[in-house]
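Start from chain A and add chains F and W according to the hints.
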Amino acid sequence: MSTECQTFTEKYDLLGCIQCGRCTGGCPVTVRANLNVRRFVVDASYEDKLEELAKLAEIWDCTACHTCAVRCPKGLKPLEVLLGLRAMIIESGKVEPTVRDALQSVLLEGNPWEKSRAARSDWMEGLDVKIAEPGVAVENLFFVCCTIAYDPRVQATAKNIVKILNKAGVDYAFLDESESCCGSEVFTLGEEGLFEMLVEDNTEFLNEYQAKRIVTLSPHCFTTYNAHYPDLNKPVIHYTQLLDEMLKDGRLTWKGDLQKKIVFHDPCYLGKQGGVYDEPRQLLKNIPGAELLEFERRRERSLCCEGGGGKMWVESESKKERLADTRIKDAKALGADIVAVACPFCVLTLEDAMKGLGFEEEMRVAEIMELLGEFVEV
Amino acid sequence: MKTFVCIKYVPDTSEAEVKVNPDGVTVDSSRFSFDINDADNYAVEESVLIKEAEEGEVTVVSIGPKQSDVMIRMAMAKGCDQAVRIEDDRIAGYDPLMVAKVLAGAIKGQEFDLVLTGCMASDDWHMSTGVAMAEELGVNHASMVKKLEVLDGGKVKAYRELEGGLMEVVEVELPAVITIQTGINEPRYAPIRGIREAQKKELKVVSLDDIGVDPAAVGPDASQVILEALSIPEVVSAAEFIEGEPDEKAAKLASILVKGGLV
Amino acid sequence: MGNVLVLAEHRQGVLRDVSFEMLAVAPKLAADMGGELMVLLIGSGIDDLAQKIAGYGTKVMVIDDPLFENFNADKYQKVLSALIDDLKPALVMTGHTAQGVDFMPALAVEKNLPLVADVIGFDYVGGTLKATRQLYSGKVNATMAFKPADTYLATFREGAVEAPEPSTAGAVEKLDSPLKEDLPYRKFIEYIEAEVGDVDITQSDILVSVGRGLKEDKNLPQIEELAKAIKADIAGSRAATDAGWIPHDRQVGTSGKSVKPKLYIAMGISGAFQHLAGMKGAKTVVAINKDPEAPIFTVADYAIVDDMFKIVPKLTEKLKELKG
Chain A
1 MSTECQTFTE
11 KYDLLGCIQC
21 GRCTGGCPVT
31 VRANLNVRRF
41 VVDASYEDKL
51 EELAKLAEIW
61 DCTACHTCAV
71 RCPKGLKPLE
81 VLLGLRAMII
91 ESGKVEPTVR
101 DALQSVLLEG
111 NPWEKSRAAR
121 SDWMEGLDVK
131 IAEPGVAVEN
141 LFFVCCTIAY
151 DPRVQATAKN
161 IVKILNKAGV
171 DYAFLDESES
181 CCGSEVFTLG
191 EEGLFEMLVE
201 DNTEFLNEYQ
211 AKRIVTLSPH
221 CFTTYNAHYP
231 DLNKPVIHYT
241 QLLDEMLKDG
251 RLTWKGDLQK
261 KIVFHDPCYL
271 GKQGGVYDEP
281 RQLLKNIPGA
291 ELLEFERRRE
301 RSLCCEGGGG
311 KMWVESESKK
321 ERLADTRIKD
331 AKALGADIVA
341 VACPFCVLTL
351 EDAMKGLGFE
361 EEMRVAEIME
371 LLGEFVEV
Chain F
1001 MKTFVCIKYV
1011 PDTSEAEVKV
1021 NPDGVTVDSS
1031 RFSFDINDAD
1041 NYAVEESVLI
1051 KEAEEGEVTV
1061 VSIGPKQSDV
1071 MIRMAMAKGC
1081 DQAVRIEDDR
1091 IAGYDPLMVA
1101 KVLAGAIKGQ
1111 EFDLVLTGCM
1121 ASDDWHMSTG
1131 VAMAEELGVN
1141 HASMVKKLEV
1151 LDGGKVKAYR
1161 ELEGGLMEVV
1171 EVELPAVITI
1181 QTGINEPRYA
1191 PIRGIREAQK
1201 KELKVVSLDD
1211 IGVDPAAVGP
1221 DASQVILEAL
1231 SIPEVVSAAE
1241 FIEGEPDEKA
1251 AKLASILVKG
1261 GLV
Chain W
2001 MGNVLVLAEH
2011 RQGVLRDVSF
2021 EMLAVAPKLA
2031 ADMGGELMVL
2041 LIGSGIDDLA
2051 QKIAGYGTKV
2061 MVIDDPLFEN
2071 FNADKYQKVL
2081 SALIDDLKPA
2091 LVMTGHTAQG
2101 VDFMPALAVE
2111 KNLPLVADVI
2121 GFDYVGGTLK
2131 ATRQLYSGKV
2141 NATMAFKPAD
2151 TYLATFREGA
2161 VEAPEPSTAG
2171 AVEKLDSPLK
2181 EDLPYRKFIE
2191 YIEAEVGDVD
2201 ITQSDILVSV
2211 GRGLKEDKNL
2221 PQIEELAKAI
2231 KADIAGSRAA
2241 TDAGWIPHDR
2251 QVGTSGKSVK
2261 PKLYIAMGIS
2271 GAFQHLAGMK
2281 GAKTVVAINK
2291 DPEAPIFTVA
2301 DYAIVDDMFK
2311 IVPKLTEKLK
2321 ELKG
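Residue numbers (this note's numbering), protein chains in the order written: chain A, 1 to 378; chain F, 1001 to 1263; chain W, 2001 to 2324.
The hints are simulated quantities; they were obtained by calculation from the structure and are not laboratory data. Incorrect hints may appear among the rest.
Computed cross-link-like contacts, BS3-like style, restricted to lysine-lysine with a CA-CA straight-line distance of at most 30 Å [said to hold, decoys possible]:
{"#": "1", "chain 1": "W", "residue 1": "2318", "chain 2": "F", "residue 2": "1252"}
{"#": "2", "chain 1": "F", "residue 1": "1066", "chain 2": "W", "residue 2": "2139"}
{"#": "3", "chain 1": "W", "residue 1": "2290", "chain 2": "F", "residue 2": "1002"}
{"#": "4", "chain 1": "W", "residue 1": "2283", "chain 2": "A", "residue 2": "320"}
{"#": "5", "chain 1": "F", "residue 1": "1259", "chain 2": "W", "residue 2": "2280"}
{"#": "6", "chain 1": "W", "residue 1": "2078", "chain 2": "W", "residue 2": "2215"}
{"#": "7", "chain 1": "F", "residue 1": "1019", "chain 2": "W", "residue 2": "2280"}
{"#": "8", "chain 1": "W", "residue 1": "2139", "chain 2": "A", "residue 2": "55"}
{"#": "9", "chain 1": "F", "residue 1": "1051", "chain 2": "F", "residue 2": "1147"}
{"#": "10", "chain 1": "W", "residue 1": "2280", "chain 2": "F", "residue 2": "1252"}
{"#": "11", "chain 1": "W", "residue 1": "2078", "chain 2": "F", "residue 2": "1259"}
{"#": "12", "chain 1": "W", "residue 1": "2187", "chain 2": "F", "residue 2": "1051"}
{"#": "13", "chain 1": "A", "residue 1": "167", "chain 2": "A", "residue 2": "234"}
{"#": "14", "chain 1": "A", "residue 1": "94", "chain 2": "F", "residue 2": "1147"}
{"#": "15", "chain 1": "W", "residue 1": "2028", "chain 2": "A", "residue 2": "355"}
{"#": "16", "chain 1": "F", "residue 1": "1259", "chain 2": "W", "residue 2": "2231"}
{"#": "17", "chain 1": "F", "residue 1": "1259", "chain 2": "A", "residue 2": "355"}
{"#": "18", "chain 1": "W", "residue 1": "2314", "chain 2": "A", "residue 2": "320"}
{"#": "19", "chain 1": "W", "residue 1": "2231", "chain 2": "F", "residue 2": "1157"}
{"#": "20", "chain 1": "W", "residue 1": "2280", "chain 2": "A", "residue 2": "355"}
{"#": "21", "chain 1": "W", "residue 1": "2290", "chain 2": "A", "residue 2": "163"}
{"#": "22", "chain 1": "W", "residue 1": "2283", "chain 2": "W", "residue 2": "2228"}
{"#": "23", "chain 1": "A", "residue 1": "94", "chain 2": "F", "residue 2": "1157"}
{"#": "24", "chain 1": "A", "residue 1": "319", "chain 2": "W", "residue 2": "2139"}
{"#": "25", "chain 1": "W", "residue 1": "2310", "chain 2": "A", "residue 2": "163"}
{"#": "26", "chain 1": "W", "residue 1": "2215", "chain 2": "A", "residue 2": "115"}
{"#": "27", "chain 1": "A", "residue 1": "261", "chain 2": "W", "residue 2": "2314"}
{"#": "28", "chain 1": "A", "residue 1": "332", "chain 2": "W", "residue 2": "2215"}
{"#": "29", "chain 1": "F", "residue 1": "1147", "chain 2": "W", "residue 2": "2260"}
{"#": "30", "chain 1": "A", "residue 1": "159", "chain 2": "F", "residue 2": "1155"}
{"#": "31", "chain 1": "A", "residue 1": "260", "chain 2": "A", "residue 2": "329"}
{"#": "32", "chain 1": "W", "residue 1": "2314", "chain 2": "A", "residue 2": "260"}
{"#": "33", "chain 1": "A", "residue 1": "320", "chain 2": "W", "residue 2": "2228"}
{"#": "34", "chain 1": "F", "residue 1": "1252", "chain 2": "F", "residue 2": "1051"}
{"#": "35", "chain 1": "W", "residue 1": "2228", "chain 2": "A", "residue 2": "329"}
{"#": "36", "chain 1": "W", "residue 1": "2320", "chain 2": "F", "residue 2": "1252"}
{"#": "37", "chain 1": "A", "residue 1": "94", "chain 2": "F", "residue 2": "1200"}
{"#": "38", "chain 1": "A", "residue 1": "159", "chain 2": "W", "residue 2": "2318"}
{"#": "39", "chain 1": "W", "residue 1": "2187", "chain 2": "F", "residue 2": "1108"}
Only a predicted model underlies this, so the values are computations on that prediction, with no experimental measurement involved.
Chain A with its partners taken away, still in its complex shape (with noise of 0.2 Å):
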């Protein structure tokens, strides 16, 4: 059984891995799960196997870190056998309720939250947010993201950024609720057809917006448009980059004294995936008072906080400790009182860590425009 009339062999050029382990040897899930991702690339190369495979418990522990697309030598992308042997499952639409739910939801209201559409901006009440248009130019096109523009834990982040650019004047305008979801779990769960559905649509819908970039404030949404979307007419960067030139001009003034530590965790889809580092680290060595630690497991080799691969709706069924509490336990280690993180489902994820080991009263876990919400003038 094969998708697309293409065998897996050929889909995902099984036939160029050379069976190193550099794969396994680096995917940060297996620690936790029974996850042997060479293994996999080996064995879906038989046709036959296929459906036993899919069924396999361990295909949905994949957070599609892709650190074993970063190590691999030939450049293949072995996560992919396991998403595509996911898609077996939607096809047969015998998934987990809640992903159904969630799918489900991208297709009808273009969110996996569950959230009516309309509801969408509703983070944007009380500021004074420039609207974009299809025939405005504008040189700043700003999409928000399903979770941040839904979940009111993450909302600071478009809320934050708003003040900032109105302040420092910059040219800006932000999508309304027409705006949907850019697929990234929807490709890392495996519904093929709603993320090719959504690629058409979204490419269309965002190319008829004159800008000069699009600007995220997600970087799954990033590194999903630059990976996935050949056609989109703009250029595509996240929102620490942009940021990232305002701190260089000079265009953020800041306020206050933090007078703590801070340690960044590189995001999977901002780091590894989108080969962004530096910018984020600029803008929190430049909040006055903050003191910038570093992971031993940092940059290209930070540690996944399960947040993405679809884990937002896939229970893992092992019992080990999550990757999250390890990221929390290592940063009470250094001595961190912030656990500093550019990316939703990181803020989600590790917050939920910290909560569950009770270190509350001692840490705390901000996306990095929660901080410069803080000590940023607006």
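Frame of chain A, contents of chains F and W only:
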């Protein structure tokens, strides 16, 4: 097994704020998101499960606007074979007895074993349409079914969910209308590719005239009830709201419970 | 001419609450419509039930026949159809229950009579009978008016009003069953009791109950900790049991259990009517929900508007501390 499954396109108002329009008899639905009625979704799954076990055919019947086609295509992607969507603004949709006449009208005259539909619509809670349909069609019925077994000899065993979780087991001769309770099964996902494939299946859009239903028999004049007014019930709360930061609130509550001898 | 016929409901030898609750509204209706109130009871070997409900001050008519050993929607429909022809009541009312919904709509179609289902209140204004019901997750009340008809039909919501106190004993009259033969096309087989786990929540003193707000079963441990701290049993709304987080025998609501604890702590439960109906017997209700408009607050004695996960851990800690 020939099955008809009747589904309704309803708004999800569990989280939405509902406002009554100035006309006093409709609500502002501009911010509502619509989808298949929950219980009907379970009915669709049940009809497909029966088709997979017994072989046969499933036809979807729905009264609704063009926007509801996606809901119907999703049902067909899951395994329903064809669909009939009735679009006609002369139906008194607020009266389940009128709705039942229309749905029955679309089915009358055709051979069938089962008609499945959800036991309750989440927008109006009547729990009447399915059972009324049975009488219109002149067939047997069982409502609030939490488990359904197809038996030999043209019968089904229906496990009705009563208050308190007690199950009433009845055997009903086919043909029959069975109204389905949520939780009877786990509805499958309809992947986009499946929905695209389902575009090839027949979705007939019809008016009352097309199905031989007299508009005068199902409109507001035929209905024996009038929807006079809508109003927002007063949220009369005698609760003592505990205020403060989350930790303060938790502490205050703990104190109230212990000091009050409640724990 | 404005007689009101109330069909009382019973099961397994017990009259159900809604039977008495309807008697809180029916007498006034009968008076308004210028007629008599009659309670109807259909069953087999139900003398004691007839006497019990007759104690609420109304006349009771009993059809006592082995044909009606167990509830059968088709049989009930036939009986009522015949009685409507004979007695010509102005209003026939029964509970909006698994029993009532199984035959009243069919009866309405058969006799071409108006039906309003799930009524929470009646009003008789200027010769017109009006019934109030709800729409849109209970957020909107709808006033329905009956057009003139020989008989109005209604199903009345369980728990919408409080049952009255017993009063003088009314007369009990035996009626012959208009139905003489069994109906072969629908057969009662058996009742199956809900699976009883290790706890019968209908007997629990303290219940900690969770709803959709629990979000996933991985959040259960903190609820279990809270329950342990105050020796509570854990229950859930339909959302929680449908999701598989809480076993079905712990479901509180109209399709679950009716509970009457001293203390009911509802967390992440919006308070849909079906749930409220199951917990109305609770003496003290604490509600924690992040939606200030959640209907659960209408029945709460103490309320906290917040995300339950922001409250629960601290609450557990403080309770442990204070209880020593």
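Outcome of the hint check:
1. W:2318 <-> F:1252: holds, 9 Å
2. F:1066 <-> W:2139: Satisfied, since the Cα-Cα distance of roughly 27 Å is no more than 30 Å.
3. W:2290 <-> F:1002: violated, 46 Å
4. W:2283 <-> A:320: violated, 42 Å
5. F:1259 <-> W:2280: holds, 24 Å
6. W:2078 <-> W:2215: Given pair residue 2078 (chain W), residue 2215 (chain W) is violated - Cα atoms ~46 Å apart, limit 30 Å.
7. F:1019 <-> W:2280: holds, 28 Å
8. W:2139 <-> A:55: violated, 43 Å
9. F:1051 <-> F:1147: holds, 16 Å
10. W:2280 <-> F:1252: At roughly 25 Å apart (the allowed maximum being 30 Å), residue 1252 (chain F) and residue 2280 (chain W) satisfy the hint.
11. W:2078 <-> F:1259: violated, 58 Å
12. W:2187 <-> F:1051: Within the cut-off at roughly 25 Å; holds.
13. A:167 <-> A:234: Satisfied, since the Cα-Cα distance of roughly 25 Å is no more than 30 Å.
14. A:94 <-> F:1147: With a Cα-Cα distance of about 20 Å, the restraint between residue 94 (chain A) and residue 1147 (chain F) holds, given a limit of 30 Å.
15. W:2028 <-> A:355: violated, 57 Å
16. F:1259 <-> W:2231: holds, 16 Å
17. F:1259 <-> A:355: holds, 29 Å
18. W:2314 <-> A:320: holds, 26 Å
19. W:2231 <-> F:1157: Since the Cα atoms of residue 2231 (chain W) and residue 1157 (chain F) sit roughly 41 Å apart, the hinted pair is violated (cutoff 30 Å).
20. W:2280 <-> A:355: Distance of about 34 Å is beyond 30 Å: violated.
21. W:2290 <-> A:163: holds, 27 Å
22. W:2283 <-> W:2228: Status holds; Cα separation ~20 Å.
23. A:94 <-> F:1157: holds, 26 Å
24. A:319 <-> W:2139: Since the Cα atoms of residue 319 (chain A) and residue 2139 (chain W) sit roughly 42 Å apart, the hinted pair is violated (cutoff 30 Å).
25. W:2310 <-> A:163: holds, 28 Å
26. W:2215 <-> A:115: holds, 15 Å
27. A:261 <-> W:2314: Distance ~27 Å between residue 261 (chain A) and residue 2314 (chain W) Cα, so the pair holds.
28. A:332 <-> W:2215: holds, 28 Å
29. F:1147 <-> W:2260: Given that 30 Å is the threshold and the Cα spacing comes to 29 Å, the pair holds.
30. A:159 <-> F:1155: Violated: residue 159 (chain A) and residue 1155 (chain F) sit about 61 Å apart, past 30 Å.
31. A:260 <-> A:329: holds, 18 Å
32. W:2314 <-> A:260: Holds: residue 2314 (chain W) and residue 260 (chain A) sit about 26 Å apart, inside 30 Å.
33. A:320 <-> W:2228: holds, 25 Å
34. F:1252 <-> F:1051: violated, 57 Å
35. W:2228 <-> A:329: holds, 28 Å
36. W:2320 <-> F:1252: Distance ~14 Å between residue 2320 (chain W) and residue 1252 (chain F) Cα, so the pair holds.
37. A:94 <-> F:1200: holds, 22 Å
38. A:159 <-> W:2318: violated, 35 Å
39. W:2187 <-> F:1108: holds, 25 Å
Checked against the numbered hints above, the structure violates hints 3, 4, 6, 8, 11, 15, 19, 20, 24, 30, 34 and 38; every other hint is satisfied.
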